[in-house]
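Chemist: These protein sequence lines are chains U and E, in that order.
Going by my numbering, the residue at position 43 of the first sequence is 43; the numbering climbs one at a time, nothing skipped.
Throughout, my numbering is defined as the position within the second sequence, counted from one, plus 1000.
Rather than coming from a laboratory, the hints here were simulated on the basis of the structure.
Values in this document were obtained by computation on a predicted structure and should not be read as measured data.
Using N, Cα and C, we set each Cβ at its ideal position, and we do this for glycine too.
Do not take every clue at face value.
[Said to hold, decoys possible] Some chain E residues close to chain U (C-beta under 10 Å, calculated; not the full set):
(1) Gln1041
(2) Ser1050
(3) Phe1052
(4) Val1094
[As the list claims (entries may be wrong)] Pairwise CB distance ranges, derived in the manner of DEER restraints:
(5) Thr43(U) - Ile1033(E): 19 to 29 Å
(6) Arg1145(E) - Met1(U): 19 to 29 Å
(7) Leu18(U) - Trp1111(E): 19 to 29 Å
(8) Pro1032(E) - Leu41(U): 23 to 33 Å
(9) Ala1201(E) - Gly22(U): 43 to 53 Å
(10) Ala11(U) - Phe1030(E): 13 to 23 Å
(11) Pro3(U) - Arg1145(E): 24 to 34 Å
(12) Ala17(U) - Pro1011(E): 18 to 28 Å
(13) Pro3(U) - Pro1011(E): 39 to 49 Å
(14) Lys1076(E) - Ala25(U): 34 to 44 Å
Here are the chains, one letter per residue:
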Amino acid sequence: MTPDNAGYMEAAYALAALIYAGYVAVLVARARRLRERLARLETPPRTTRPDGA
Amino acid sequence: MIRSVSPARDPLLGVAVLAIAAVYVRALAFTPIEARQGAAQKIMYVHATSAFIALYVAFVLLAVCSLLYLWLKDEKLDRVAESAAEVGLVFTTVVLVTGPLWGKTIWGAWWTWDARLTATLFLWFLIVAYLLLRGAVEERGRRARYSAVLGILAAPLVPFIHLSVYLFRTLHPMPILLKPSAPSMPSEMVVTFVASFLAFALLFIALLRARYRIATLRDALADHEEAHG
């Protein structure tokens, strides 16, 4: 008789999807952070006038 | 000026996600259930394919690029090795998470300290150590050299893990596909397995590319900061 263990299969597929999706999210966040840091470095510093204008 | 595409906007990643979604549908809805093991046998299409890619693609790439780095001293090779290690670690994590769910239904135990499972866990820790080492050494040349040595040292575990089911008494089943004789599975299952392997291979390439771009961006940023104080 075929055992009824579909719950284990569903859990495995869900966990695998979660791990891969989580890693993609981590990569997206890391890439964004690095791009922002780079953009800050590439932007020339703003000069402030003594009268504040 | 350095520009990098966001991993979220990479078309290859989109194609890989669609391919995996199609494989999920095929595996869950259109592939027959194995009579003795039940639906849990379908864990194989995620577990074994992730293991194949981690062991025979990611960690082989890590070892080859590490070896070539020590010879050629090309930073690109170090970045590929680093990326392969991290993405391979993610695939191995999936193997170590999905394996116990399959094991529990077949062996009645979540985990057993047999040769294949223990060696795979050891390899996972070794790759974690590799990534920790990279984080701990600041000087780029030294970091690449040290981690290349560790990357090469991890390589012998790959054939050991593959052959462990022949060398030791183990609960883990013998290979049903990577063996000299024909696969011991019906053709529908073989097709799903091969499709799953291709979809996860595509995901591996997309993740590797995204991770490589991050490493390039990080190194460019370090160069920029060094040059401008």
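Chemist: Determine for every hint whether it applies to the structure shown.
Modeler: Hint check results:
1. Using the Cβ-Cβ criterion of 10 Å, the hint placing glutamine 1041(E) at the interface with chain U is satisfied: the shortest such distance is roughly 8 Å.
2. Taking 10 Å as the C-beta contact cut-off toward chain U, the hint placing serine 1050(E) at the interface holds, the least distance being around 7 Å.
3. The restraint placing phenylalanine 1052(E) at the interface with chain U is violated, with a minimum CB-CB distance near 14 Å, outside the 10 Å limit.
4. With its C-beta approaching chain U no nearer than about 5 Å, valine 1094(E) sits inside the 10 Å limit, and its interface hint holds.
5. The hinted window of 19 to 29 Å between threonine 43(U) and isoleucine 1033(E) is violated, with their beta carbons roughly 59 Å apart.
6. With their beta carbons about 58 Å apart, arginine 1145(E) and methionine 1(U) fall outside the hinted range of 19 to 29 Å.
7. A hinted range of 19 to 29 Å for the beta carbons of leucine 18(U) and tryptophan 1111(E) is consistent with their spacing of about 20 Å.
8. At about 57 Å, the CB distance of proline 1032(E) to leucine 41(U) disagrees with the hint of 23 to 33 Å.
9. Judged by the Cβ atoms, the range 43 to 53 Å given for alanine 1201(E) and glycine 22(U) is violated: they are separated by roughly 20 Å.
10. The beta-carbon spacing between alanine 11(U) and phenylalanine 1030(E), approximately 21 Å, falls within the hinted interval of 13 to 23 Å.
11. Against the hinted window of 24 to 34 Å, the Cβ-Cβ separation of proline 3(U) and arginine 1145(E) comes to about 52 Å, which falls outside the hint.
12. Between alanine 17(U) and proline 1011(E) the CB atoms are about 20 Å apart, so this pair conforms to the stated range of 18 to 28 Å.
13. For proline 3(U) and proline 1011(E), the hinted distance range of 39 to 49 Å is satisfied, since their beta carbons lie about 42 Å from each other.
14. Distance hint check: the CB atoms of lysine 1076(E) and alanine 25(U) are about 26 Å apart, inconsistent with the given range 34 to 44 Å.
Checked against the numbered hints given earlier, the structure breaks hints 3, 5, 6, 8, 9, 11, 14 and satisfies all the rest.
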